[in-house]
Every structure is written in structure tokens, then in C-alpha cells.
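Student: One letter stands for each residue in the lines below.
There are 2 protein chains.
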Amino acid sequence: MRLQVALGERAYEILIGEGMMAVESTWHSMPIGETAMVVTDNHVGPLYADRLRDTLAALGVQTAVHQLAAGEQSKTLASWAAIMDQLAEERHDRTTTLIALGGGVVGDLAGFAAATWLRGVRYLQVPTTLLAQVDSSVGGKTGVNHALGKNLIGAFYQPSGVVADLDTLSTLPTRELVAGLAEVIKYGIIRDAKFFEFIEQQLDALLAGDTEQLGRAVVRACEIKAEVVAADERESGLREILNFGHTFAHALETLTEYAELNHGEAVAIGMVMAAELSVAEGWLAASVRDRIMRLIQRLLVLERLPKGLSIDEMIEAFQSDKKTRAGRLRFVLTRGLGHAETSEAVSQERLRKVLERFL
Amino acid sequence: MRLQVALGERAYEILIGEGMMAVESTWHSMPIGETAMVVTDNHVGPLYADRLRDTLAALGVQTAVHQLAAGEQSKTLASWAAIMDQLAEERHDRTTTLIALGGGVVGDLAGFAAATWLRGVRYLQVPTTLLAQVDSSVGGKTGVNHALGKNLIGAFYQPSGVVADLDTLSTLPTRELVAGLAEVIKYGIIRDAKFFEFIEQQLDALLAGDTEQLGRAVVRACEIKAEVVAADERESGLREILNFGHTFAHALETLTEYAELNHGEAVAIGMVMAAELSVAEGWLAASVRDRIMRLIQRLLVLERLPKGLSIDEMIEAFQSDKKTRAGRLRFVLTRGLGHAETSEAVSQERLRKVLERFL
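Just so you know, the sequences run in chain order A and B. By our numbering, the letter at position 212 of the first sequence is numbered 212, and the numbering carries on one by one without gaps. By our numbering, the letter at position 112 of the second sequence is numbered 112, and the numbering carries on one by one without gaps.
No wet-lab data here; the hints were simulated from the structure. Errors might be hidden in some of the hints.
Listing some non-contacts, in silico: residues in chain B with all C-beta distances to chain A over 10 Å [said to hold, decoys possible]:
{"id": "1", "residue": "Gln4"}
{"id": "2", "residue": "Ser29"}
{"id": "3", "residue": "Arg289"}
Label-pair restraints from in silico Cβ distances [said to hold, decoys possible]:
{"id": "4", "chain 1": "A", "residue 1": "Asp85", "chain 2": "B", "residue 2": "Arg335", "range": "35 to 41 Å"}
{"id": "5", "chain 1": "B", "residue 1": "Ile311", "chain 2": "A", "residue 2": "Arg91", "range": "17 to 23 Å"}
{"id": "6", "chain 1": "B", "residue 1": "Glu18", "chain 2": "A", "residue 2": "Arg352", "range": "51 to 57 Å"}
{"id": "7", "chain 1": "B", "residue 1": "Ala22", "chain 2": "A", "residue 2": "Ser347", "range": "41 to 47 Å"}
{"id": "8", "chain 1": "B", "residue 1": "Glu313", "chain 2": "A", "residue 2": "Pro31", "range": "33 to 39 Å"}
{"id": "9", "chain 1": "B", "residue 1": "Ala69", "chain 2": "A", "residue 2": "Asp85", "range": "42 to 48 Å"}
{"id": "10", "chain 1": "A", "residue 1": "Gly237", "chain 2": "B", "residue 2": "Ala11", "range": "17 to 23 Å"}
{"id": "11", "chain 1": "A", "residue 1": "Asp290", "chain 2": "B", "residue 2": "Leu148", "range": "55 to 61 Å"}
{"id": "12", "chain 1": "A", "residue 1": "Arg328", "chain 2": "B", "residue 2": "Lys194", "range": "18 to 24 Å"}
{"id": "13", "chain 1": "B", "residue 1": "Gly308", "chain 2": "A", "residue 2": "Asp85", "range": "27 to 33 Å"}
{"id": "14", "chain 1": "A", "residue 1": "Arg91", "chain 2": "B", "residue 2": "Ala22", "range": "29 to 35 Å"}
{"id": "15", "chain 1": "A", "residue 1": "Leu7", "chain 2": "B", "residue 2": "Pro31", "range": "20 to 26 Å"}
{"id": "16", "chain 1": "B", "residue 1": "Glu89", "chain 2": "A", "residue 2": "Asp85", "range": "37 to 43 Å"}
Every residue, glycine too, gets a C-beta built ideally from N, C-alpha and C.
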């Protein structure tokens with residue numbers, strides 16, 4: 001399956017399918033020079049880096065590999081600087097292509113490296129987790145975390161192509177699959193009620209790693225993301241709806257120092273909170289919130305909600321959120337399945353009441 | 001004087017004149033939010049930061065100041081990370097505006113900070129050196145140096161406006177003035193023979209800091225730069241001609257660890273080398289090279305050519321130049337006053353012969 005992200009001179013294709021990575025024709029349609037550097041981590045690299053390098057070698061591409069430690073704790077300026085060092089030592093010039101082989105952390109780091117090496121070189125995303133395939137690999141958000149907040153440093157910088165190989169999902173731990181499914185559910189809530197129904201019906205198959213159903217989910221998720229990103233590349237309007245549940249999620253991740261929840265789990269919990277806030281604001285029927293709640297409960301993530309968080313520290317964390325503008329809290333809320341909008345009108349009082357139900 | 005850099009949705013204005021910085025109307029026409037951060041250095045800050053902050057305060061803009069040590073040795077990831085830290089600590093959000101108040105180092109650092117804070121916020125250039133006014137403040141090149149080379153890390157990221165206050169040139173040391181004039185001469189060589197003649201006629205006035213003639217030089221230089229940048233924002237073609245003399249200059253700067261020559265001085269020497277190479281390649285008449293040489297000699301920079309450099313290390317340094325592509329050396333050469341082009345066909349042998357005349 002081939003999708004297009006319609007971004008004018010920055011347009012690119014997403015290829016989705018089984019075994020794509022090892023097929024030479026995949027790379028024929030991707031822009032790539034004579035040299036490349038694969039950025040990967042120590043979980044994914046041992047599984048796929050050689051395969052990818054061999055495929056590219058057959059096409060005459062000389063490929064270096066940069067491997068970092070797996071996990072969110074690698075998403076730092078130091079990891080990014082280490083990529084810069086290798087690029088400098090190996091003298092990669094403006095014709096080189098970076099290839100992000102891994103999950104969201106690898107994609108964000110490699111993308112930021114591509115955005116900033118020699119003022120910008122090409123990069124391709126080869127996402128190997130469901131979360132990265134349906135979310136972070138598409139849209140050009142790149143960057144690293146700062147001690148004071150997630151993704152504070154980065155750039156909007158579009159990849160030149162995305163290769164989502166469904167085979168990589170077969171080696172994915174359940175927690176990672178669940179994290180991706182949380183974002184998949186998000187697309188249903190914010191943009192497509194029918195897709196939400198599809199997930200309700202197929203969740204057991206998706207959780208069991210059924211490749212056909214996962215393929216359908218990845219394709220529809222990427223279609224929605226591509227459409228939203230094409231309409232608003234730099235998140236000045238529509239694109240904000242992709243952050244449904246994310247303001248809560250970022251606060252949860254920051255306060256637990258990224259150690260207790262992975263990003264998708266935090267988003268799953270955050271979406272339940274956002275649905276609750278939508279009801280409190282009078283935007284959403286309680287019955288729809290319950291439907292959202294029931295679906296997310298099947299992911300078995302709500303019990304992972306960290307203990308001991310205070311409402312005050314949650315609100316403090318919202319204040320540092322990137323989406324906060326001139327001190328006003330911003331939340332993406334839903335008006336019903338398939339519809340989401342940003343609200344700047346949430347009162348602290350109402351927010352506290354909603355948080356009380358969870359903390 | 002008001003110029004336009006025609007870059008579509010990234011278009012912006014350059015305001016050039018005496019005393020612009022302290023005039024409120026200057027800032028009415030510049031996009032700026034309710035909060036700003038002035039990035040400056042410990043030479044320029046004490047002279048102008050308060051004046052700028054007071055002017056902005058009268059317009060209701062709350063302005064923080066970040067001051068770094070003056071000089072190329074500040075153009076590092078560490079200095080950039082310190083700006084990120086202050087932005088994080090003071091919680092600057094996406095509505096903030098960075099203002100680069102200083103020379104090229106400050107402009108490149110502040111621009112890169114703007115490119116990478118929260119994936120990109122607005123910034124304005126307020127260049128206070130001739131070099132920055134005629135070169136680095138226009139065009140969106142931002143970044144820092146890497147231990148293995150100049151400007152290896154950075155981004156193309158356009159400012160939202162440029163304010164060139166000619167009054168700031170009155171406090172400029174002669175070496176800084178000379179550095180700027182080297183780039184001014186470059187515009188004549190690569191794009192405008194009449195402008196080259198103007199500089200030949202007015203060089204004494206320019207060197208004496210005559211504001212009227214400097215104003216004319218800044219305006220014409222900015223016009224040429226704006227025109228070239230608008231035609232080729234990301235340096236994939238025409239824009240390369242702006243690098244006339246720069247491949248030599250970067251090698252000289254790298255090999256002397258940025259300690260002996262400032263950038264403009266290196267460019268002045270580099271242009272003489274580039275003219276010599278143009279003659280050796282059969283592109284340029286010896287008489288025109290002599291005219292270029294005579295003009296640059298009046299800047300009294302050729303005697304600053306570092307001693308003890310070897311041809312081998314110069315060629316080694318060219319190899320690491322950003323403009324090198326897939327190992328082929330690229331030099332911008334001139335075919336006569338007002339005309340420059342990139343050559344990929346220079347042989348090492350010929351290059352060695354040219355370098356022998358200087359080293």
C-alpha cells in the first residue's frame with residue numbers, strides 16, 4: 001500500500017506492507033544517495049540493521065550504522081551530539097541520507113540529526129513499532145527532551161519517505177503493541193467514528209498481532225495523520241487535534257520521569273482523562289465517554305496510572321507544556337466520535353475536579 | 001530604506017538606516033509577540049541591550065536578555081544549549097520572539113536557537129557589525145561549529161525581519177569594518193561590476209566609517225544577497241556563488257583554529273586565492289585578478305595570511321568542507337567582475353600550484 005503526504009515541495013510517500021524492508025524495489029522509489037547512515041538502537045539494530053544494510057548494498061548504497069541504547073532515556077542532546085560526531089568523523093556530506101530504523105525515539109533523534117547536520121540532509125523513516133508506524137514516523141516532528149520537559153528542543157523537518165514493514169510488528173512486546181493501539185484509537189476518536197468501530201470489533205485480533213488487521217489499522221491511521229499534517233504542517237491549527245490526550249500524557253510522563261509509563265500507555269490514560277474533561281465541559285455525552293473508557297480498558301493500561309501524583313503538580317506540568325500559549329492552558333477535547341477541537345477555556349476548578357476522579 | 005526578501009510564506013523585510021533600533025516605529029513593522037529574548041554578547045550587550053529593551057518595553061514587550069562571551073569560540077553546542085536552558089527555565093512558549101543583537105556569531109546562535117526551541121519560534125536579526133549586516137543576518141543560515149569543522153551543525157531557518165542600524169557601525173573596531181568590507185567586495189565580484197567600481201572609488205570613505213557611503217554599501221549588498229537567497233533558499237544552486245573565496249577561507253580558519261583571522265579577513269585572503277585559481281583555470285583575465293588583488297590589498301589583510309600552513313593540510317581541510325559532495329572538491333570561481341560559478345573540475349595538481357604561490 002502506497003500513501004502520499006501532500007506537502008507540496010516537501011511531499012513524500014509512505015509504503016506499508018509485509019517484508020518491505022528487504023525488498024529492493026522498496027528502495028527504488030525512495031530518494032537515497034550513494035551513502036547513508038542507519039540510526040538504530042540496541043534492540044532493533046541486531047534484528048534488522050544487517051538486513052537493511054545488505055539490501056542497500058545491493059543497490060550500491062554504502063551504509064554506516066549508528067547504534068544507541070534503546071529507550072526514552074536516550075532521547076537527549078548527548079545522544080544527538082553523538083550522531084553528529086559520527087557524521088563528522090565519517091565526513092558525511094550533503095548527499096548522505098539518514099535512515100531511522102526503530103521506534104519513536106530513534107525516529108525523533110535521527111530526524112533531528114538530519115534537520116541539523118550541514119543545515120539539513122535527507123532522511124527516511126523505517127518505523128519498527130506500531131506506535132512509530134501510526135504516529136511519529138509521519139509528520140516531521142523531530143527532537144529531543146530537555147531536563148525541564150519533553151520535546152522542548154527540536155524541529156519540524158519532513159522525512160523524504162516512510163517504509164512501514166509490518167513484519168517488524170511480529171517481534172513487538174505486548175506493551176509496545178498496546179502503546180501503538182492507543183494512538184490508533186485516538187485517530188478514531190478525533191477523526192473517524194467508523195474506524196473507532198473497526199477497532200472495537202477487531203481489538204482482540206489486533207492485540208494478538210494479526211498482521212492483516214494491523215495492516216488495515218496502520219493504513220487508516222497513516223491516511224488520517226497524512227491528511228491532518230498536509231492541512232497544517234506546523235501545528236498552528238488543525239494538527240493540534242492529534243494531541244488529544246497528550247497534554248495529560250506529557251504531564252504523567254514528566255512527573256514520573258519517563259520511567260513508569262511508555263508514551264502510548266500515557267496517551268491511553270490521557271485520552272480517558274480528556275474524555276472525562278470533555279464531559280465536564282459539556283462537550284461530550286457520558287455514554288460516548290463510557291464507550292471510549294471501555295475500549296481503552298481492554299488495553300489493560302488504566303491500572304498503570306502512577307500512584308501518588310498530586311493535582312497541583314499535574315497543573316504545574318501543564319503550564320510547561322509546549323502547547324501552552326502566553327500562560328493559557330490548552331486542551332484538545334472531543335465533541336463526539338470523529339470530532340475534536342482545542343479549548344482554551346477550561347477553568348482550573350473544573351480541571352481539578354476531573355483530576356480528582358483519577359488521582 | 002526598506003528591502004524585501006521574497007521567500008513566499010517566509011518573506012521578510014530588511015530595514016536599514018541610522019538609529020533604527022531605538023525608534024518605536026521600527027518595531028511596529030516587525031512581527032513580535034508579548035515576550036522576547038535578546039541574545040547578545042558581552043561586547044555588544046552593554047552598548048545596546050538596555051536601549052533595545054527600553055524601546056520594546058514601551059511597546060508592551062517583556063524582554064529577557066541572554067548574554068554570551070564575544071567571539072567565534074562561543075559558537076558551540078554548549079553556548080546554544082545554554083540558550084535552550086534559559087528558554088526552558090523562563091518557560092518561553094511558541095509565541096516568544098528571539099532577537100539576535102550582535103555580530104555573526106550571535107546571529108547564527110540565536111537563529112539556531114529559534115530554529116530548535118519548541119520546533120521553531122520567530123526570530124529577528126539586529127546585526128551590529130558590518131559583516132553581519134551585509135551577510136550573515138540575511139538568508140537564514142544558522143548554526144554552530146563542530147570540533148571537526150565550521151558550521152557543521154545548523155539549520156536553514158529564516159528570520160522574520162532584519163533591523164540594520166547604521167549607528168552601531170560607529171563603535172566598530174577597524175578589523176571588524178575590514179571584515180565586513182571583504183564581503184561587500186565579494187558582492188561586486190560575483191554579481192555587480194558597477195558596485196565593485198563604487199567600492200574602488202569609495203574604499204577610503206568606507207574604511208573611515210563614512211555613514212552615508214556605508215549605508216549605500218549595506219543597501220546594495222543586502223539587495224544582492226536577498227535576490228540570490230530568494231532564488232535559491234537552500235543553496236542547491238545559485239546561492240553557492242555567495243561562497244566565493246569561502247572554501248579557502250574556511251580551510252584557513254579551521255587550520256588556525258579560528259584564532260588568527262576573523263571570518264572576513266579569511267574571506268578576503270580566500271578571494272585572492274579564488275581569483276588566482278580562476279586565472280589558472282582559464283576563467284579570468286590576469287588584469288581583472290590584479291584589480292581584485294589591488295582592492296583587497298588596500299584592506300591590509302594579506303599580511304595576516306598565517307605562516308607555516310602546508311598545501312596538504314589545506315587540501316585535507318577542503319575535503320571536510322560542507323560544499324564537498326561525494327568527495328569532489330567544489331570551488332566558486334569568477335569569469336569576470338559580476339560573474340561567478342561553481343566548478344567541480346579543479347584538479348588537485350592545479351590547486352597545488354595555486355596554493356604554492358601563497359603558502
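Student: Determine for every hint whether it applies to the structure shown.
Tutor: Each hint, compared with the structure:
1. With a closest Cβ-Cβ approach of about 21 Å to chain A, glutamine 4 of chain B is found to remain outside the 10 Å limit, as its non-interface label requires.
2. For serine 29 of chain B, the non-interface assignment is confirmed: its Cβ lies about 22 Å from the closest Cβ of chain A, beyond the 10 Å cut-off.
3. With a least CB separation of 30 Å from chain A, arginine 289 of chain B remains clear of the 10 Å interface cut-off, as annotated.
4. Between aspartate 85 of chain A and arginine 335 of chain B the C-beta distance comes to about 39 Å, which sits within the given range of 35 to 41 Å.
5. Range check, isoleucine 311 of chain B to arginine 91 of chain A: about 20 Å between beta-carbon atoms, so the 17 to 23 Å window is met.
6. Range check, glutamate 18 of chain B to arginine 352 of chain A: Cβ separation about 55 Å, and the 51 to 57 Å hint holds.
7. The hint said 41 to 47 Å for the Cβ distance between alanine 22 of chain B and serine 347 of chain A, and at roughly 42 Å that hint holds.
8. For glutamate 313 of chain B paired with proline 31 of chain A, a C-beta distance near 35 Å keeps the hint of 33 to 39 Å intact.
9. Between alanine 69 of chain B and aspartate 85 of chain A the beta carbon distance is about 24 Å. The supplied range of 42 to 48 Å is therefore violated.
10. Judged by the Cβ atoms, the range 17 to 23 Å given for glycine 237 of chain A and alanine 11 of chain B holds: they are separated by roughly 21 Å.
11. Distance hint check: the CB atoms of aspartate 290 of chain A and leucine 148 of chain B are about 59 Å apart, consistent with the given range 55 to 61 Å.
12. Between arginine 328 of chain A and lysine 194 of chain B the beta carbons are some 54 Å apart, a value that contradicts the proposed interval 18 to 24 Å.
13. One distance hint, 27 to 33 Å for the beta-carbon pair glycine 308 of chain B and aspartate 85 of chain A, holds here, with the actual separation near 29 Å.
14. Look at arginine 91 of chain A against alanine 22 of chain B: about 47 Å separates their beta carbons, and that is not inside 29 to 35 Å.
15. With their beta carbons about 24 Å apart, leucine 7 of chain A and proline 31 of chain B fall inside the hinted range of 20 to 26 Å.
16. The beta-carbon spacing between glutamate 89 of chain B and aspartate 85 of chain A, approximately 27 Å, falls outside the hinted interval of 37 to 43 Å.
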